[in-house]
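S.K.: Below are the chains, spelled out letter by letter.
There are 2 protein chains.
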Amino acid sequence: MKLRLIIQLKQGVLDPQGKAINHALHNLSFNEVKDVRVGRVVDLELSEMSVSEAKKKAIEMAQNLLANNVIEDFEVEVLS
Amino acid sequence: MKLRLIIQLKQGVLDPQGKAINHALHNLSFNEVKDVRVGRVVDLELSEMSVSEAKKKAIEMAQNLLANNVIEDFEVEVLS
Numbered sequence: 062m063k064l065r066l067i068i069q070l071k072q073g074v075l076d077p078q079g080k081a082i083n084h085a086l087h088n089l090s091f092n093e094v095k096d097v098r099v100g101r102v103v104d105l106e107l108s109e110m111s112v113s114e115a116k117k118k119a120i121e122m123a124q125n126l127l128a129n130n131v132i133e134d135f136e137v138e139v140l141s
Numbered sequence: 062m063k064l065r066l067i068i069q070l071k072q073g074v075l076d077p078q079g080k081a082i083n084h085a086l087h088n089l090s091f092n093e094v095k096d097v098r099v100g101r102v103v104d105l106e107l108s109e110m111s112v113s114e115a116k117k118k119a120i121e122m123a124q125n126l127l128a129n130n131v132i133e134d135f136e137v138e139v140l141s
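Chains as they are written, first to last, in this note's numbering: chain A, 62 to 141; chain B, 62 to 141.
Honestly, the hints are just simulated from the structure, not real lab data. You may find that some hints are simply not true.
For identical chains, the list gives no copy identity; a pair is met inside one copy or between any two copies.
As the list claims (entries may be wrong) - Pairs of lysine-lysine, DSS-like flavour, derived with a Cα cap of 30 Å:
id, residue 1, residue 2
1, K117, K71
2, K95, K63
3, K118, K80
4, K95, K80
Since the model is a prediction, treat every value here as computed from it, not as a measurement.
Construct all of the structure, not just a fragment, from the sequences and the given hints.
M.R.: Right under this line is the structure:
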């Protein structure tokens with residue numbers, strides 16, 4: 062059972078790393094870039110269980126350890 | 062045009078951060094975790110262009126700046 066957690070700063074939270082990448086891309090002549098936001102992806106491999114149970118576990122893990130709920134949002138995707 | 066780049070260490074490249082998270086999850090009694098791999102996600106907002114053109118640009122950006130091709134793989138997803 063593979064799941065993917067995508068953790069990103071909430072809308073409105075300043076993202077200096079994203080800003081720096083935006084700037085660097087413009088320096089490399091990628092002038093079509095309007096905005097960049099950077100986050101983390103955590104791929105989890107869990108032992109066999111139902112999809113709904115696995116999702117519930119992943120949400121628990123994100124809330125308890127992987128994401129900072131004050132400034133970050135997360136999404137769970139099922140990979141396989 | 063919004064795209065998402067998911068950048069991850071190649072299979073076989075040691076991921077100490079993933080290992081540390083795996084360990085921490087086990088300490089929090091998430092014993093169903095078998096493996097953890099950590100990566101980066103970069104959400105790009107580009108000016109209006111065709112999907113194929115945007116994808117091509119995103120791949121160029123990943124190759125030139127965002128990913129380290131020696132140790133990292135990346136995927137491009139179209140968000141909107």
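S.K.: Confirm or reject each hint.
M.R.: Taking the hints in turn, this is what the structure says about them:
In this homomeric assembly, K117 and K71 come within 30 Å of each other (Cα to Cα) both inside a single copy, at 21 Å, and across copies, at 28 Å. In this homomeric assembly, K95 and K63 come within 30 Å of each other (Cα to Cα) only across copies, at 10 Å, whereas the closest approach inside a single copy is 33 Å. With identical chains, the CA atoms of K118 and K80 are at most 30 Å apart between copies only, with a shortest distance of 18 Å across copies and 33 Å within one. For the homomeric pair K95 and K80, the shortest alpha-carbon distance inside one copy (10 Å) is at most 30 Å, but the shortest distance between copies (35 Å) is not.
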